[in-house]
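Student: Following the hints, position chain B against chain A.
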Amino acid sequence: MMSLFWYIAVALLLAGIGVYGLLTRRNLIRILITVEIMFNAALLLLLTMASISAAYKPTGIVLALLAISLASAEVGVVVSIAILMFRLKRSLDVYEIMESRG
Amino acid sequence: MSLSIDLTSLAFLLTSALAIISAALVVTHRSLVYAAFFLDILGTANAILFALLGYPLVAVFQLTVYVGSAITFILFSIVMLKEVPETTVPIREFALLTAALTVVALAGVFYSVNVVEPVVETIEISTLTDLVVRKYWFALLLSIVSMATTLIEAITLARREV
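Protein sequence lines correspond, in order, to chains A and B. Per the working numbering, the first sequence starts with residue 2, numbered consecutively. Per the working numbering, the second sequence starts with residue 495, numbered consecutively.
Here chain A stands alone, though its shape is the one from the complex (with noise of 0.2 Å):
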């Protein structure tokens, strides 16, 4: 069995990833799922340090299944917005959409 130490690490690196991603990106869709890859990383630290102990894995359960839920439901409603933005300006890139609003 590998020490939660390693489960940890896979997750900070997948957390790194996500926020280079986020940072130098401008498509609103690459900006969503590189959102994605940070939710996963949080996922794993959750039931990560949910493994500590027997009395904390049910909620670690319990909160993973809500999160999961609601991520879901966000894609959605993210990409529904995405499809429509470039339905309009005919492009992804958030900083033209962020010039031409109003």
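Errors might be hidden in some of the hints.
Examples of chain A residues lying across from chain B (beta carbon under 10 Å, computed) [what the hints assert, rightly or not]:
| no. | residue |
| --- | --- |
| 1 | Ser-4 |
| 2 | Thr-35 |
| 3 | Ile-38 |
| 4 | Leu-44 |
| 5 | Ala-51 |
| 6 | Ser-54 |
| 7 | Val-63 |
| 8 | Leu-71 |
Stretch-level coverage of chain A by chain B, calculated; a stretch enters the list once three of its residues show a Cβ under 8 Å from a Cβ in chain B [what the hints assert, rightly or not]:
| no. | segment |
| --- | --- |
| 9 | 14–23 |
| 10 | 79–87 |
No wet-lab data here; the hints were simulated from the structure. If you're wondering where the values come from, they're calculated on a predicted model, not measured in any experiment. Beta carbons: idealized from backbone N, C-alpha and C, even for Gly.
Tutor: Only chain B this time, still in chain A's reference frame:
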């Protein structure tokens, strides 16, 4: 027994390598379609890691709800859009530094748990249901309301009623 331990460690190493490589490809690949595909692989690798940690229910939920519907939804939506040339923000050094600082800061927070072995114990579904209904009923209610709102919002946006 030792063979099973070795297999678990091997599965962890392969899955974590797959997850990290997929995440890197999500950020660096030029095509959005391939980026969504690699996100799909990352979600699957994460589900395997959950199963290795002793959460088979969360792993199945991740595969069916998250990978099976949410990421596939992104993938199909991108196919509907025309691929546009992407521009990147020219702050790669700053972004790398910020990402490294994030990792170091989080590692400092979680440094104390580096020697603990994970507790692998099966939780009954009835225990979970009981916990949700008795203790987390408000969170469940909020989730249901959020998802209903999301459904209405997505339908409204898709019909261009805004």
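Student: Run every hint past the structure and note whether it holds.
Tutor: Hint check results:
1. Ser-4: Hint holds; A/Ser-4 Cβ to chain B Cβ min 6 Å, cut 10 Å.
2. Thr-35: holds, 6 Å
3. Ile-38: For A/Ile-38, the interface hint holds, since the closest Cβ of chain B sits about 5 Å away, which is under 10 Å.
4. Leu-44: Hint holds; A/Leu-44 Cβ to chain B Cβ min 7 Å, cut 10 Å.
5. Ala-51: holds, 8 Å
6. Ser-54: holds, 6 Å
7. Val-63: holds, 5 Å
8. Leu-71: holds, 6 Å
9. 14–23: This one holds; 9 residues, not fewer than the three required, reach chain B with a Cβ under 8 Å.
10. 79–87: holds (count 7)
In terms of the numbered hints stated before, the structure departs from none.
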